[in-house]
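Sequence order for the protein chains is A and B. Each residue of the first sequence is one higher than the last, beginning at 1 in the working numbering. Each residue of the second sequence is one higher than the last, beginning at 1 in the working numbering.
The hints are simulated quantities; they were obtained by calculation from the structure and are not laboratory data. Careful, some of the hints might be misleading.
Here are some of the chain B residues that sit facing chain A, going by a computed Cβ distance under 10 Å [to be verified]: (1) D25; (2) L28; (3) R32; (4) P50; (5) T58; (6) R60; (7) M111; (8) L126; (9) V134; (10) K142; (11) R154; (12) H155; (13) P340.
What follows is a list of derived Cβ distance ranges for each label pair [what the hints assert, rightly or not]: (14) L149/A / T296/B: 49 to 55 Å; (15) A197/B / S153/A: 51 to 57 Å; (16) Q318/B / E88/A: 51 to 57 Å; (17) Q77/A / R387/B: 52 to 58 Å.
Reference excerpt, derived from the structure (chain B facing chain A, CB under 7 Å, subset only) [said to hold, decoys possible]: (18) G63; (19) V120; (20) K141; (21) I159; (22) Q277; (23) W281.
Beta carbons: idealized from backbone N, C-alpha and C, even for Gly.
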Amino acid sequence: MTDARRTGQPQTLVLGFGNPLWSDDGAGIAAVTLLAQRQLPPRVRVEAAGTPGYGLAAWLQEATQPDPALRSGRSLQRLILIDAAHMEQTPGTWRRFTAEQVKLIANGEIVSLHQADLSSGLALAQALDILPEEVLFFGIEPERLQEGLELSSSVRASLPQMVDEILVELWNGREKNEQKTDINH
Amino acid sequence: MSKRIEVHHVTRVEGHGNIVVEVADGQLKECRFDVTETPRFFEGMLRGRPYTEASHITSRICGICATGHATASLRATERALGVEPSEQTRLLRKLTFHGEILDSHVLHVYMLVAPDFLGVGSVIPLASSHPEVVLRALRMKKLAGDICAVVAGRHTHPIAMAVGGFTHFPKRAELEDLRSRLEASRADVDATVELCASLPWPRFERDTEYVSLTKPDEYAFIDGEIVTSDGARLPLERYQEVTNEHLVRHSSAKHTRHLRDSYMVGALARFNNNYDQLHPWAKKAATTLGLKPKVTNTYLNSAAQVVEIVHCVEDAIQVIDELLERGVQPEPLAPVKRMPGEGVGVCEVPRGMLIHHYWIGEDGRLTGANCIIPTNQNLANLEGDFRARVPQIVDKPIDAMRLDLEMLVRAYDPCISCSVHVLEVKFD
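Turn these sequences into a full structure, and let the hints guide you.
Structure below.
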């Protein structure tokens, strides 16, 4: 979504997930679509990642190539993941969290590549040591998970606020946001 | 003495696949594989939409076979409306299609099949024990995704593909870069063949009817005729004579059958039917893997996928050479010649033959759609394989039986694509 030629090796990678054919399942895609239309800081790359499962590791492998401009280490500092999430909240509620703050319930046995979900992709990236220092999630509680090309009204109503918050996160970095409350309606 | 194996692969909220096998006193009592009917819903979703949207909607049925769905969709629309794509369009579509085959096969062989053989439960411990193997897979996958990004405008969901052609054209430098990366990937491809050759493939034989597309002068992925190993050959419009979808009492999905109780689609079917059109190096890889038509061991479907990896890398290089020689020019979309129309588009996506059948009204909006995906076509054959396999492994410990049957399912590279992709989160 963002022009890779302008962002170069990104410092922040924002990925939206989901399938827009299943209503609120595509909330992450809708979020990055909105986000990409806003003014973004330099070296921030925003992409619609679809439902890549293990393929998430391929996104990270690309983004974590060593940056020749830095004396050591990789250019990618921060990964922001946006997805519909079952968090036992009322539909439309969004939350910001880190991996340490939650338990991600990964899918068990996998027969089809479609069953390899975001948690599996993260686990693979972790095993390959290609996760950046900071990994942040923005989850939004879905109302409707059935075939449909539209978001539900509750998700559609609160999505812009979540996107605004992500934008603040991108411009201000992590310090400002450590004190922020997490739950928003 | 009775053994019951139930393997539940719950795919979140909607849809699930179950293996249920029950053996009592050495007799197979129950044997079924259930997968929910996948994209039936999109018939409703496409109805009333303009024909220009169909490929963009249907490409989102599947994140792995997005280009496959889009291509079948475009061909159905084009055949319905008398649109004739140019040679350049044909070449560009072939190239991005190869990218998708590579992407899917690499992911399947390395992430799903290899762990079973290398004694690990998933690719994640494999990443710790054999990181170079997993990194190789990701490298190959990245190249495959980049082919799609360069040609079709995006890594997944080929946004630049449209009815009649493309809305975006790759630059010379981008194609040259892809070409050199494809050449460089040969080392990774060779390593993949070597890995595949070293695996202890289960011994199993069950002759069945193998169904695929065919073309006289190339290994068919897009368009052609339908051919079967039992000797049938049909134009695409008569696909229903092959698929014969019918309800089965115990399964939520329809089954298909042609001249036998079941048939198989996928890499093995393509290999068996179209071996002659494979690139010479792919034939060489087949020899290394001990494969020559007619292969009737379902487990070797994944080995046939490795042969196709070799073929697609080499053929992609050839397609790029052709494009570079012609020079890629921006072209307008080929025009619509008639409305209303009805058309069938068929492609060989990674898992097998995919059919899109559209009815388009006078106002350019779809009035109906029918879609038959490869995994649905394989269901009856999978059950036939279970019935043949279970007696062969019934004396093994139950865990070994279970693994063997899971490997059999995985060999088909099933696409249970209608699962919901939502994070499950518990706050501490």
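Cross-check of the supplied hints:
{"no.": "1", "hint": "D25", "result": "29 Å, violated"}
{"no.": "2", "hint": "L28", "result": "21 Å, violated"}
{"no.": "3", "hint": "R32", "result": "15 Å, violated"}
{"no.": "4", "hint": "P50", "result": "13 Å, violated"}
{"no.": "5", "hint": "T58", "result": "9 Å, holds"}
{"no.": "6", "hint": "R60", "result": "5 Å, holds"}
{"no.": "7", "hint": "M111", "result": "5 Å, holds"}
{"no.": "8", "hint": "L126", "result": "8 Å, holds"}
{"no.": "9", "hint": "V134", "result": "6 Å, holds"}
{"no.": "10", "hint": "K142", "result": "5 Å, holds"}
{"no.": "11", "hint": "R154", "result": "8 Å, holds"}
{"no.": "12", "hint": "H155", "result": "8 Å, holds"}
{"no.": "13", "hint": "P340", "result": "23 Å, violated"}
{"no.": "14", "hint": "L149/A / T296/B: 49 to 55 Å", "result": "43 Å, violated"}
{"no.": "15", "hint": "A197/B / S153/A: 51 to 57 Å", "result": "56 Å, holds"}
{"no.": "16", "hint": "Q318/B / E88/A: 51 to 57 Å", "result": "54 Å, holds"}
{"no.": "17", "hint": "Q77/A / R387/B: 52 to 58 Å", "result": "55 Å, holds"}
{"no.": "18", "hint": "G63", "result": "4 Å, holds"}
{"no.": "19", "hint": "V120", "result": "11 Å, violated"}
{"no.": "20", "hint": "K141", "result": "5 Å, holds"}
{"no.": "21", "hint": "I159", "result": "10 Å, violated"}
{"no.": "22", "hint": "Q277", "result": "27 Å, violated"}
{"no.": "23", "hint": "W281", "result": "25 Å, violated"}
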